[in-house]
Each structure stands twice: as C-alpha cells, then as structure tokens.
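*Asks:* Take a look at the letters that make up each chain.
Number of protein chains: 2
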Amino acid sequence: MSDSNPAREATRARILKAAKDLLGQEGFQGLGINAVARAAGCDKVLIYRYFGGLEGLAEAMGGQLDLWIGQGDPAPGDYVDTLAAMLRDYGRALRGNGLVRRILAWELLETSPLTRALGQAKSAAIRAWFQAVRARTGPAPEGIDAPAINAILIAATHHLALREDNDGTFAGLDLKQPETWARIDAAMSHLMTQAYGKAPL
Amino acid sequence: MSDSNPAREATRARILKAAKDLLGQEGFQGLGINAVARAAGCDKVLIYRYFGGLEGLAEAMGGQLDLWIGQGDPAPGDYVDTLAAMLRDYGRALRGNGLVRRILAWELLETSPLTRALGQAKSAAIRAWFQAVRARTGPAPEGIDAPAINAILIAATHHLALREDNDGTFAGLDLKQPETWARIDAAMSHLMTQAYGKAPL
DNA sequence: TACCTCTGTCACCAGTCAGTGACATAGGTA
DNA sequence: TACCTATGTCACTGACTGGTGACAGAGGTA
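So the sequences go chain by chain: A and B.
So for the first sequence, my numbering puts the first residue at 1; every next one is plus one.
So for the second sequence, my numbering puts the first residue at 1; every next one is plus one.
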C-alpha cells in the first residue's frame, strides 16, 4: 500500500506537524487548506490526496493522541485524594499545552466535522482517564452525585485554563500570577474534600 | 450633532440589531462587515461611517448592556444561600441567552479589539453583581478563600453552559437532558454549602 | 525499450473578504 | 434661488479562500 512509500509518509508527517503547529500558534482561524500547505511547504493538493481534505486531516490529528493528556501515574490512595491529585495534574498539563487549549476552545464555538473528529478522540481519552481513577481508588463515596461534582470541577479547570490565555483575569482573579493558581488548587482541594465529606467527619 | 438626525439613528439601530442577531445565531465567524450589512439591509459603507468599522460596532454593542445579566433581586439571606441562588439564576440566564454565550466563547479564542471592548463591559457587570451579593449578605465567612471558590463555581457555570451548545456532552454528562441540569444545580449547591461549612455544623 | 503508477507543481476557477472612491439624492440654510 | 451637508447606492480593487484539472518527472515493471 501507500504506507510503503517513504516519500509519501514523510510528506504526510510534515503536513500533520505543520497543522498542529499552526493550530497551536495561530488558532483555529489559521487552519485552512492554504495555510497548512504553506506552513508544510507543500502544495495543498497533497492534503486532499493524502487526507481527503481538512476533515481527514483533523481526524488524523485526533488519532495522534500522544498529546491529549500527559498525566503520570498517581499513587493509589483514597478516592478524594487521588481524584484531587489527578485533577490538579490535569490542570497543570492543560496550562502547559497551548494546542490542547486551542482545541478545547474551538470545540466551544464551532460544531464542524473537524471539531467532531477531534472531540470524539478527546472524549475517549477522558473516559479512559476516569476509568483509571476508578480502578485505582474503588467506587466513589455513596450518596453523592460524583459524576456531577466531578464534571463541575473539570469544567472549572478547563475554563480557568482557557481564560488565562487571553485577558488573564476571571471573576476578579489575576490568572497571570502563580499565587493565584496556588489559591485555586487549594480551593479545588477544599471543595473536593468538603463535598465528599472527608474533613468534617 | 448627528444624534438629531432620525434617519441616521434608525439606521444605526438597524445595524446594531442585525449585528447582535447575527452574532447570536451565526457566531463570531459570521460577524463580518459584509454579513452585517447584508443582514441590516444597508450598505457596508454605512458601518464604516457610523461606527468606524467592526471594532466600533463591537464597542457600541458592548455599551448596550441590557443583555449581559438579567438576574432579578434575590431575597436577602445568608451568604451561601444568596450566592447559590444568584449563581443558579445566572446559569439559567446564560443557558437562555445565545448571544452572551457566543461572546463568552469568543473571548476564549480571540484577543482582538472587538473582544476587549466587549469583555471590559462584561467584567464591569460581573463586578457589580458580586458587589450586589456582598451588599445583601454581608462579608463572606472567614478563613475561606471565597474569591477562589466562587471563581471556580462561576467558571464551571460558564463552561457547562458553553458546552451545551455544541456536542451537548461533558465528562459523561448529557447536557441536553433537563435532569442533568437539576443534578448540576444540586451538586453546585452541595459544593457551596459544604465548602462554606454550613451543613456539617 | 515502452508502459504505468505515484509524487509533486502549477495555473486556474468562482466566490468572498475588507475597504475605498464616485455619484445621486434629500433636507436644510443663506 | 443657489449652496452645502449628510444619507444612501453602486462599482470597483486587491487579496485571500477552497477546490479542481492538467502537467512534469521519478521509479518501478513487463
């Protein structure tokens, strides 16, 4: 098949790298056929040939999920501690990964074949992450709507990471300051321990 | 001045309305000079004359802040109850206002004169909202980093409202279902009451 | 040799974009 | 009357967009 052709593979890789770089730097607006071809230093017709257009290119990018979440292996512990640690690591990884932030923000604005292709790959990764947590810690405490609480905390993690990119402020907090993130980490831990009924007991 | 000319004012108002409608429906991508002029049924040169271009048009939109937050007056109560009620109302208003959601999402992606103009007006509105809460309830409980906790909960409210627009799922929750929002409301209240140390006492 | 497939390049298409200059017309003023 | 200002219309430019068809050359195969 075409996989055996080293020239084709090299060009494919160049296009993929250019697309990822472009998305991370310029954002979704810069991700057009012409711009990607220009950045990759090849003709745009090759993107149509090798990926079937932008949509196929996005699928290929989503398939390369070395990027989504780079969390390490947390030490096993009880549910709350483990979840808090993983969420904190996730937030840090997010703040260090402009490409993923762009994609997350992009998903909020546009529902296109591109976003769907990327989004499904990301959903699968997040599901796997949650299952890893459950496997490590056992089930969540009973009588508490853990999925809803966790969704709220993950949503906040996403949103605050995204807000740092632009004006850098949110609800009176200055997200450019490292101390602010320490406060947020502490507040997040506080919310989790209190919500799961740990400390008051 | 030009304010005395009714024809100019009528055209200005038509352009503003068209821009708001367009942004709410099509999103920020559709907000171009040509598209606004087309929707307003006038020539684009009038947008340049009356608003100085898209940037001035965005400033004018931000100035019309009848829209940002439409919350009513909550009954005075203790800090947590009042805050929880206002946050819940805010979330509902957000889910019912596509235009504001578009603008919030837009701010996450682009830092342009347009977003800055709109964003500053919104920040002022949110600050005023917080001050209204404090005025009604007195200071936050001591020993708790209320700004950080509240920022987290507001961030989550924003993010979940934004996620409903597109794929409608987040972290395993189906945001298209009304029951899901009831669960989120309950979880949000639970988080606040526990975090502020109310229930365990 | 002749043939064929694949890679890569180039030129072109129609459509849209932001922005500008020229013009017709209406309303008010001297 | 004549003049002037402001509203609104139209046509146009230059640059970019996504997308397609034609072509040149390389490499392998019969």
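Treat the hints as calculated values from the structure; they're not laboratory data.
Here the structure is a predicted model, which means the values were calculated and not measured.
In this text, a Cβ means the ideal position worked out from N, Cα and C, and glycines have one as well.
Wrong hints could be hidden among the right ones.
The list that follows gives simulated cross-link-like pairs (lysine-lysine, DSS-like), each with its CA atoms no further than 25 Å apart [stated by the list, open to error]:
#	chain 1	residue 1	chain 2	residue 2
1	B	Lys-122	B	Lys-20
2	B	Lys-17	B	Lys-122
3	B	Lys-122	A	Lys-122
4	B	Lys-44	B	Lys-20
5	A	Lys-122	A	Lys-20
6	A	Lys-176	B	Lys-122
A few chain B residues that face chain A, going by a derived Cβ cut-off under 10 Å, partial list only [claimed, not checked]:
#	residue
7	Leu-16
8	Lys-17
9	Asp-21
10	Gln-25
11	Phe-28
12	Ala-37
13	Gly-41
14	Cys-42
15	Leu-94
16	Gln-120
*Asks:* Evaluate each hint against the coordinates.
*Replies:* Hints and how they fare:
| no. | hint | in the structure |
| --- | --- | --- |
| 1 | Lys-122(B) to Lys-20(B) | holds, 15 Å |
| 2 | Lys-17(B) to Lys-122(B) | holds, 19 Å |
| 3 | Lys-122(B) to Lys-122(A) | violated, 31 Å |
| 4 | Lys-44(B) to Lys-20(B) | holds, 16 Å |
| 5 | Lys-122(A) to Lys-20(A) | holds, 15 Å |
| 6 | Lys-176(A) to Lys-122(B) | holds, 19 Å |
| 7 | Leu-16 | violated, 22 Å |
| 8 | Lys-17 | violated, 22 Å |
| 9 | Asp-21 | violated, 18 Å |
| 10 | Gln-25 | violated, 13 Å |
| 11 | Phe-28 | holds, 7 Å |
| 12 | Ala-37 | violated, 21 Å |
| 13 | Gly-41 | violated, 27 Å |
| 14 | Cys-42 | violated, 27 Å |
| 15 | Leu-94 | violated, 12 Å |
| 16 | Gln-120 | holds, 9 Å |
Comparing the model with each earlier hint shows violations of hints 3, 7, 8, 9, 10, 12, 13, 14 and 15; every other hint is respected.
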